[in-house]
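Enquirer: Here are the chains, one letter per residue:
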Amino acid sequence: MEKVLLDILGAIVTFLVAFVVGMTYGGLNRKITARVQNRKGPPWYQNFIDAYKLSSKKSAIHHGVMHHLGPAFLMVTSVMTLLIVPVLSHNNWFPNLNFQGDLIFLLYIMTFGPLGMALGAGQTGNPNSAIGVTRGLSMMVGFEIPWVLALVALMIQYHTTSITGLMAVQAHSGTWLMFSSPFAFIAAVMALFGMFRYSPFDIVGAPTELASGPIAETGGKYLFVMMSSGSVFTFAKLTLYVDLFLGGADNLFILIIKTFALYLIPLLYSLVSPRYRTEQAIRWFWGWPSFFGLLAILQAIIF
Amino acid sequence: MEMIHIIFLIFLGGAVLTYFSGKISKVLQDIFFLASVLVPAYLFFAYVGAGREATLSLGGITLIWGVNHFSWLFSLIVLGLGSMAAIYAIGYMKGKKRKGYFYFNFILSIMAMMGILLSIDLISFFIFWEIMTWSSYLVTIYNGHDIQRIGIKYFVFSAIGAYAMLMAIVIVHHLTGSFLMSSMINFYPNMSLSMQIWIPVMFLLAFGVKAAMMPLHVWAPDAYSNAPMAYTSIFSGALSKMGIYGMVIVLVTMINQIPQGFWFREVIAWLGGITAAIGTLWAIKQDDAKKLLAYSSVAQLGYIITGIAIGTELGMLAGLFLAVMHALFKGTLFMVTGAIEKQTGTTNFNEVTGLIRKMPWTFIAALLSIIALAGIPPLGGFVGKWMLYESLITSNHYLLVIVIFFSSTAAFLYCYKFLFGFFLGQEEKEWAHVKEAPAVMVVPMLIMAVMMFVLGTFPGIILKPINSGLMDLGFVDSFKHLWESSVILNVWGNHVVLQPILYWIIGIFVFFMIFLTWKGFKTTRYVSTKDISSSGEVPADDENLTFSVGFMQPFMRAVAPAMRRQIDKYYNGIADGLESLFEFIRRIYTGNGQTYTIYVIVFVVIVLLFKNILF
Amino acid sequence: MMKELKEKIVQRIKANFADAAEKNDFNYNRLDFTVKKETIPSILFYLKDEMGFIHLSDANCVDWLEEGELELVFIVWSPKDKIKIFVRTRLDRDNPVMDNLDMIWPQLNTYEREFREMFGVQVTGLEAPDEFILEDWQGPPPFRRDFDTAAYAEKTFWERPGREDAQDVRETIANRDGEEIPDFAKKYSR
Amino acid sequence: MVGTPVLFIAIPLLAAFLIPLLGMIWKELVRIVPGLVLTYLLILAVNLLVHVLAHGPVVEVIAGWVPPIGINLVFSVFSGFLVTLMIFLGLLVWAYSYRFKRNVDYEPALKYFLMLMMLITGSVGIVLTGDIFNMFVFIEITSISGYGLTAFYKGRDSAEASFKYVLLGSVASTFLLLAIMIIYSQLGTLNMADIANKIHLMNPTLKIVSYIFFVTALGIEAEIFPLNGWAPDAYAEAPGPVGAAFAGIVVKASVYAIIRYTFTIFDLSGAFNFLIIIGMITLIVAETAAIRQEKLKRMLAYSSIGQMGLVLVAFGFGTEEGVFAALFLMLNHAIIKSLLFFSGSYLVYNSKCKYIKEVNGMSKFLPVTSLLFALGAFAIVGLPPFAGFWSKLSVMTAAADSNMILIMVLVLMVSVVELVYYLRVVNRIYFFKKETAIEPKKPTFNALVVMIVLGVIILAIGFYPDVVTGVLHKASASLMDKSQYIHHVLSLRQ
Amino acid sequence: MVNDKNSQKIVDFIQNWARKHSIWVLAYGTGCGAIEIPPTMTSRYDAERLGVRGAATPRQADVLLITGYLTVKTLKRVIRVYEQMQDPKYVIGFGSCTINGGMYYDSYNTIKVLDKYLPVDVYINGCMPRPEAVLSGFARLQKRIAEGRANGAQQYKDNLEWYRANQKKIIPNWIMPEYNW
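As you go down the protein sequences, you meet chains A, B, C, D and E in turn.
Read in order, the letters of the first sequence are residues 4 to 306 in our numbering.
Read in order, the letters of the second sequence are residues 9 to 623 in our numbering.
Read in order, the letters of the third sequence are residues 37 to 226 in our numbering.
Read in order, the letters of the fourth sequence are residues 6 to 499 in our numbering.
Read in order, the letters of the fifth sequence are residues -18 to 162 in our numbering.
The shape of chain A in the complex, shown without the other chains:
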């Protein structure tokens, strides 16, 4: 019982950290984008203000139960991902659910939320939402291929399907997997572009074309939950990448440096890229990223 309580406490702490860091990254994203575009840009805490404003909206509408619960589905995914990914290597404040966190489990739980949210978006009856959802799901099939290729390469190279196992490998050998399995890293990072849905892969929620797609009917507290979930998920994904490829982190400071460095890659790429159509995006993912993924598997088999 005590363990469960501690777990819950740890989960709350982790959630808060992830929320703050993720929101900050979102704000920094806007700031950096503005600076690149020669603007002053909003303050770095702009996302917090937006989130608070959304949560304090006096009214909200929904189109039915699934729409009502869609954000909850999304949140489950974010939090579960966060809880399964080991945040810090040796720290009792983040005990989480490290049950030898399994990569395959992660791959599937990460699709739970999008599907739930897609159901919510579907129930709105807004055609734009449905179009956005189909684009999002299609794109997901696109980037999952290099991502899985990279993960399978890691799994077969190091004979483990758990994140902690891979972290242990890095701790033991002293080299980050990013250097010992470079192709897997490249493929995984390219897949990350798709996961973040930043430009050029932002056709899912194209604001002017689709009226922001899946969330077209969502406002107020629902949007708030989605926004926080997105922030948490951003942090969780970045932490996962850091754990897998960058050797994990011993304390929060290093973690933030590493995650932010990683975050800059898709962010900066997005700033100089126009938008792909869905099928172009899918083919892009099945092109070079998958090629690197196959190279990674080859490397894993040979070495």
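No lab work stands behind these hints: they were computed from the structure.
A virtual CB, placed ideally from N, CA and C, is assigned to each residue, including glycine.
You can trust all of the hints, since none of them are fake.
In silico SDA-like pairs for lysine to any residue, Cα to Cα no more than 20 angstroms straight-line:
no., chain 1, residue 1, chain 2, residue 2
1, B, Lys105, B, Gln351
2, D, Lys362, B, Arg157
3, C, Lys191, E, Met84
4, B, Lys530, A, Ser58
Listed next, with one range per pair, are the computed distances between beta-carbon atoms:
no., chain 1, residue 1, chain 2, residue 2, range
5, A, Val68, E, Gly129, 31 to 39 angstroms
6, E, Gly129, C, Glu195, 30 to 38 angstroms
7, E, Gly129, B, Gln507, 49 to 57 angstroms
8, A, Val7, B, Glu274, 40 to 48 angstroms
9, B, Lys102, A, Val23, 53 to 61 angstroms
10, A, Lys61, C, Thr160, 54 to 62 angstroms
11, D, Ala59, B, Leu201, 45 to 53 angstroms
12, B, Met571, A, Ile305, 32 to 40 angstroms
Once you have looked at the hints, place chains B, C, D and E on chain A.
Expert: Relative to chain A, chains B, C, D and E alone:
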């Protein structure tokens, strides 16, 4: 008179009684129908355990029936799903024509499947196999004359498979002098190499047809989608598993005995993987729910085939677990489709929308099955998928795992399409009158949905019989070593404890559910799906705003090159070529007496010319 | 060259349509015919099918209030000859009726809806929704010259007070907000 | 009451001649007498068969001349089984056509039953006789009544069909006579057992030539490709029950003759392979031709030819298992094909051209007939648990035991073709909408009874094949035992 | 705790502060004014530094920016969009046309006084207002929000009948769903 005899007699007598009682009273017919499915099911589970045998001597051949743990597992699928589908069928068939015909074949199918599972000798195996084929064929063409071609395609494929099996059986009989399966298996290593290859190939042809394995799957989408839905749920859920059952026996007990077996299994595993990918891609393209589910069945059977073709313990566990799960969720999904067909009269996604508020229970069943189908935790499908990936990776099938994963991810597309097409989207005026399906249809669906949930948390419930079945086939006990009641492990020692995951998922979900519902509860309101932000436009009542035509267009464009080639076309080409050849042969009979006389003379001359060679 | 061509076209049309009153004093590549209402479909068909005037540039309506007539003008263009022809006809203003012509050029459908809505021309046989641009329109056809736009607007929509004397609002605003009007701006204020 | 084999020839022949006379007394007697005669014969045959099963073959000498000089009749298990089957089918055909053309007038019925009795007489005679010239006579009797029955409707088409039959039949007679002449010139005897005893003395070339002539002549009657040009037309144009009679009686007798020549009389080593080859070709050509037919009876005719091809293949294995399979196949074919002809002719009763498409949607009007037709179709393609399955299984087993893998593949592939065309018809009956304005004809009571009896037999054999397998095993054993046959016949000399 | 007046004040203050600094704008580009929005948002004037940001749909938006004249036909849509927005919400009338009809003062189909139909919180005058003016308008709106005076939505809710009457006067065929909160 063994209990097995009694069970078969009840099936047979029940089928006939059901057929004829329809002339007296429809209610009586329903009662007879239910009884002749449920009573044998009860008798089987209550009185027939592993090790029971019964014999019957026919035509100089002794037919032997018996149960082992492995066939007991499949009997669970057949009778469990069969009972559910039977209850469902009562509601589904209400008010339809030719009920007796349907019930008769339904019962016979179940009897045939049980017969296949209980058969110890090959002849009764074949007999029941053929009975299963024709009874399912008769149900497939239940819906009328438009599907004559489809039915014949199904029957021809089945017949080719079955005849290949018959050949194998008689060759085995020639070689061993016995029709017993065990003697075939024991004699297998002593056969010549060509026989070692051909006999499994011929068996696999039969099983591959039923299990809809590429490239023998072309009948499946049409047949599954055109049979009445109450039947399709066992057609896809249980009947296809007979192919899996046979495959397991052939692959595990026979092929494993020879060194070349590795390549065999490799080929089958890849065929399974390709089946999964192709089935998934085609499922995404479909606009009709039945078609979609049919292709999806093909894809899911591909996973199962891959799992059992890998042949490791974990692979077998995965394949068989997925087989059970597939029976559950695909059975439910076909029932859902049937319920919607019953209530609305169509199953086309482009026509039906927004039923979620009209058919909530059906939606819940569909949602749970879809989550299980997609392999998303915490439902049962995930456990199977997890084991499948683990087994693929640990047995060094690196590219296959990518293929499987691709199809599994792409499956989300059709999963979503199914849910969206029927339940979500605009609530159109056209369907305002739709009511929830009657309880007799909804309850079986919900029972199965709950089963999926339970199996996701406690996979041990079903892994236990699977394990004992596998031990019957010669595998070592994998309890504690690969699985526990709610834990699954892999050979590297990584394990997933499913219960805490479930609790966490439910806990977080409930928390945010409460958060969303409670926060500003009074100002949260429901608005109709006509009240959407479509650039300020107010859609009229009869204006259909639902987006469903060309639903997955972008994805289809991306994969268009892969879908240009259809195996169907090649088969059609062969069929057309044969028909014209037959037409040519037919023209030998010119209808002219003089020609015929010339034939006689020519025959005599030719035979006389070649007499030294002939005699 | 151009003159000969135009002459030829005029001859052909005169030969076929006796009532076509021609006005041919333009220097440009332009011809002008006025015909009776009944001749309109046949002449348009003839121009399109026989003489290569396959393009409909415009169709318009002119309100001749003083003469009590509405004039329809169809402008067709021949890409081959590079000549445009105005075909005019007059309708009775009190009872303007014309035949549906969108089988000649489908795009005429749109113009006909405009005639109907803006000029009150009855187009017999036109299949199109009733409303074109004006939703919920209650007044008379607004493009007729006897339609008093200002009066209608005044009657239907509110007028903001202060508008009528056309006074410069900037001073008011400046006063209200305590701002100084810059020197350069003062010359614009009255 | 154990009769003698001669009764099987004498009684129906007598009845055939008496029918016109009796008809003068009371017209209805024309219809009744054949039935009584056939019933009596059936009882006789069953009794004799039981006797033969217990005590060995009965050989009867006609007119006191002992073999090899005189004519003898042999009622072994094999021939007895076939005789019983034929008479049983004859009875069914009679029962089916009892009210046949009743309302027209007396003359057709007279001719019909007369010729039917002659047909049965001839066929039974072929099977029972032990003398090759006598066999020739019986074949002529059979053929001539066959010509008459084919031309029964007196239309242009039936006359043409009958003429083709006559044409080929006369060719057959010629070849048969030639063959008999060769044998008689070489061996100086016409008795089968005697020939079999002396066959090694014969000039090998002439032996082969005579065998070829025999097979050609009998092959025309037994519908072997390419000698069977008459058959589709004759089946299609003759009345429905006659088709059944052809398939169940005439063809069986001819096949019996071929088998008797191949197994007992000649000792040619290549003959079995020859049977397999021509049987295989017949099977393939007939079944593939059947799939493209537009007329129902024509389709059934081709199917019947194909089945006979399969029977020859099974005989061609030359093993006891093969013979057993062939006999089983003959039995099933006789029963099932009769059912198909019986029910099929009601499905297209009133249509002019008997097109397959005219059976569309008949199940609504003729439920029982349709069901029985479907049962027959399922049974003949060999689906368990119907009768056809067991014969197919035994054919396959026999083939496997003879190591004839290629034959198995071909036979099974052809079975798929067979399946397709039968299913097409069944689907049309059940699932197509009735388009043509043809008025369906309700089957008469006696026809219905006959069809149901056949259906019950099919189901009985299917569910419990042991009812016939015992007899069949004995029959095949008796055929295989050549020396016993010779011994039984020639022992009468002493 | 929420009932406590002082704490309510604090909460209000924080909420208004957040609302003030996070303005999501739905620009309803009915007239020529739409062309002034891109410069306002992009590098030259950069409205995002004030927290102003475009919203794609009315469900997410805080401010409805009506850029230019409204015909009867577009008014219908604008009312619809406004009613779909979530509370609290504000309206900015942009350009002379929304104030008094501007150059369309005597047009037969253009409404001239927007605040008869929708509760306008801030008007930005000019024909066209330049981006500076737009920014000034946003600043004014922020000021009003911070002071708690930007209560157009409340006003609309309270006087719904009056607004409805006005709207229905020029839109006789009223087919829109009722505004139900």
